[in-house]
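**Q** So you can see what is in the structure, the chains are spelled out below.
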Amino acid sequence: MDLPQTSKLSPDLPAAAPLRSGPAAARKPWKPQSTRLRWVMLGPAMLVIAATVLYPLASSFVTSFRDWRLTNSPLPGPFVGFANYARAFTDTAFINSLGVSALYMLLSVSLTLIIGLGIAMLLSKPTKLNVLTRTLLIFPFAVAPVLKGYSWKFMLNPEYGVYAKMIGDVFHPLRGYIWLGHEFSALCAIAMSEVWGWAPLFALMFIGALGSIPGETTEAAKVDGATSFQIFRKITLPLLAPVIYIVALLKIISAFKMFDQVSIMTGGGPGDSTQTLYFNVFQTAFRNLDMGYASALSYLLVALMGVIATFYVRTLLKGS
Amino acid sequence: MVKVKMNTRQRAGAVLGLGLLGVMALSTMQVQAQSASYYGLKSGKPYNGTKLKFLICCLTAGQFTQLARMTGENSEFQKLTGITAQWENTPYEGLQQKILVEATTGSTYDVVAWVDSWGEAFKNQMLPLDARIKADKINMKDYPKSYITASTDASGNVVGLPFRGHPLVLFYRKDVFNELKLPIPTTWQGVIQTAKTIQAKKPGMAGLSTMYGVNAGQNLFSWTSMLWGAGGDILDKSNHPVFNSDKAVQATQTYVDMIRKDKITNPASTTFGEPESSSELLQGRAAMWVGWWWYWSRFADPKAVAPAVLNNVGFAPAPGWKGGTTQNYALIWPIGIFKNSKHADAGWEFIKYVTNTEVQKRVASNRTVPAEADNTIVTFSGMNDPKVNAANGGIPKVGAAALRTARTLPQVKTWAEIQSVLEVGINQMATGAEVKPTLDRMARDVDAIQKRAGYYK
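Chains U and S, in that order, are what the protein sequence lines are.
When we follow the numbering used here, the leftmost residue of the first sequence carries the number 19, and every step to the right adds one.
When we follow the numbering used here, the leftmost residue of the second sequence carries the number 4, and every step to the right adds one.
These aren't lab readings, by the way, just hints derived from the structure by calculation.
Warning: the hint list may mix true and false statements.
[Stated by the list, open to error] Simulated pairs of lysine-lysine, DSS-like, Cα-Cα distance not exceeding 27 Å:
#	chain 1	residue 1	chain 2	residue 2
1	U	K275	S	K101
2	S	K240	U	K171
3	S	K454	S	K250
4	S	K148	S	K355
5	S	K45	U	K183
6	S	K364	S	K45
7	S	K355	S	K342
8	S	K204	S	K148
9	U	K183	S	K56
10	S	K306	U	K171
11	S	K56	S	K137
12	S	K390	S	K364
13	S	K140	S	K342
14	S	K345	S	K82
15	S	K266	U	K171
16	U	K171	U	K275
17	S	K184	S	K325
18	S	K240	S	K460
Please read all numbers here as calculations on a predicted model, not as lab measurements.
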């Protein structure tokens, strides 16, 4: 059956139909015909963007080539070329934060994907209970990161934390374990506080993607004798791969921006084992007041995120 | 107009009444004028209507709560001067950064109070107060020397008056010490031994509560006490790091051994800051704690402590070093005026009021609301005042004795960076890192910081 081609203009109509008066004309959205008028109307918004986005970007980029410490002078210091950028590659604190962020990214992205996919598989069937549960999935993502940090810090307290107690009761060797007092477990705790917020969101995305998998494919596989695991591995996962790839990239970008929970839960400790890149840049700028170096670090971060964002955008464009 | 006819008696009565009213009005004016000058303030309200912005934190501190009320709307200070002060309540963890940013980018605040070790980074943005101090005849000898050092800039100008200051004090459970017949330790070595005894005889109770967590430099307080007592130091006179000397290594080893080898403290102390560490004593899980003297009022607040701890905490001067000296860190909050403030004179009136010894005595003696009780007072005359001591169990006098030998942290503009290196390093050592190699690495990092800042080449 041919469907009416409502999305395309009829070939009988001229390219630019003349304006008609009456009720039909009132329904048509008005568009400024003059290019100058369009620019005038866009002007205020562009000024705001220029003032709040472009100017700070340009200013901080210029600052990254200066030696400017606020403890020395409130005015920017002299140009030092690429000295600030070069310093980053010999700065043990920056190199440490790069390693911490990379490890944190691996932990949080993999856990978010696995747990998100698991939740999606559990809630993929359209039962009443599943539909109700799906509506609750967005709530963890809506919780402010600072609140997540405080909550998890309390819940992991070895003396009175509910999670610490539950884990200790199930795994006896972990009774009284100081989760935020050991390097790896502190990073895991921060990762879990983030996974708690993101995994349900990813689950919603996966549920949507699972819904688009044709039922006939899985039915045919079952008829051929495939087990559930084989169906998941050979049919579901490959079909979900594009969505997994996109959400993974999104999570990687988010992971490199981790700051709030680090600040609240560990302060970068134990030692410097949870000092992420963002936290390091913050400390450099607002504790050490070394604005030139902090700007350079920020742009190194931008460069890193830019590489990841390029993959993300190319994947999105390929998909559409 | 209706004429009222009065007889002689009535006329006499009217005259007397009017006369009495006049005398009362005159005497009220005189009382007001006396009160303003009583606090060293200008009479006549020359800054009437001024609203000051005061950058500070921690309005839950009893002294701040009371003083905020005494200088806000409809307060005594407003009645005396016409000035009101709006107290900012920035969280402590973010205050240092906020002050630094405000000072260096042109502040919107008039008055600011800061922790001593933060000050060198922005003292050049503060108004020198020497001329005002001299004009108002403020007795600077009534303050501990360490307080004045911390309030002075590199050129010798006084840029802040001491506002809130604390010596370190050893708090202990009186009932535990009485039961076990233990003497109060006066050295860190004595504290460690006493803590071991308590833990052996009272299982489940930590001998000492400590804090090794990375949290705004709080894990440095007890460390500096041991470091200085043992004869070590953080920086030498030319601002080179010297905290990896033999004496410093010994002191640091003792400090970290309390958790690693002696095990006299909660293992979770590696994550503790001051709130968690003080809670160990407040909630009865530890027998001793070295902390700021102002915590004393918490131990008498039934809402803040466990029943077994209520009114059951004694205090003594913070310990020294066996074979060395007793020289503890004295933390001071100077209060000063930003150079670009448009209300500098009004700000000075505010500073004079909140640092006035009589005002501080009144605040320190006020125990009507337990949650607002605070024994903090910054002058020796205030600390030795009988009424203040009676209200605070004698702790002000003990504090005064400690402050005669106390010292402040290095006054260098790079302190924020140095503090970060030190607190991270101490945390690493508390969680297992070797002491000497870690101190050596920290010294190299601090050396690089000092060179970058231009202290030496």
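**Q** Hint by hint, note whether the structure agrees.
**A** How the hints compare with the structure:
1. Our distance criterion of 27 Å between C-alpha atoms is met by U/K275 and S/K101, whose separation comes to about 22 Å.
2. Restraint check: the Cα-Cα separation between S/K240 and U/K171 comes to about 41 Å, which exceeds 27 Å; the hinted pair is violated.
3. For the hint linking S/K454 to S/K250, the alpha-carbon distance of about 24 Å falls within 27 Å, and the restraint holds.
4. The hinted pair formed by S/K148 and S/K355 meets the criterion: a straight-line CA distance of about 19 Å does not exceed 27 Å.
5. Taken as a hint, the S/K45 and U/K183 pair is broken in the structure, with Cα atoms around 61 Å apart against an allowance of 27 Å.
6. At roughly 21 Å between alpha-carbon atoms, S/K364 and S/K45 fall within 27 Å of each other, so this suggested pair holds.
7. Only pairs whose Cα atoms come within 27 Å are accepted, and S/K355 paired with S/K342 is accepted, the gap being roughly 17 Å.
8. Taken as a hint, the S/K204 and S/K148 pair is broken in the structure, with Cα atoms around 42 Å apart against an allowance of 27 Å.
9. With a CA separation close to 46 Å, the supplied pair U/K183 and S/K56 exceeds the 27 Å bound.
10. For the hint linking S/K306 to U/K171, the alpha-carbon distance of about 23 Å falls within 27 Å, and the restraint holds.
11. Distance restraint check for S/K56 and S/K137: the Cα-Cα separation of roughly 25 Å lies within the 27 Å cut-off, and the hinted pair is therefore satisfied.
12. With a C-alpha separation of about 8 Å, the suggested pairing of S/K390 with S/K364 holds against the 27 Å cut-off.
13. This hinted pair checks out: S/K140 and S/K342 have alpha carbons roughly 22 Å apart, not beyond 27 Å.
14. Note on S/K345 and S/K82: the hinted pairing holds, with a Cα-Cα distance of about 22 Å set against a maximum of 27 Å.
15. In summary, the hint linking S/K266 to U/K171 is supported, as the alpha carbons are separated by about 24 Å, within the 27 Å threshold.
16. Simply put, U/K171 and U/K275 have alpha-carbon atoms about 20 Å apart, close enough for the 27 Å limit, and the pair holds.
17. Among the hinted pairs, S/K184 with S/K325 is consistent with the structure: their alpha-carbon atoms are about 22 Å apart, no more than 27 Å.
18. Between S/K240 and S/K460 the alpha-carbon distance is near 15 Å, which keeps this suggested pair within the 27 Å criterion.
When held up to the earlier numbered hints, the structure conflicts with 2, 5, 8, 9 and fits the remainder.
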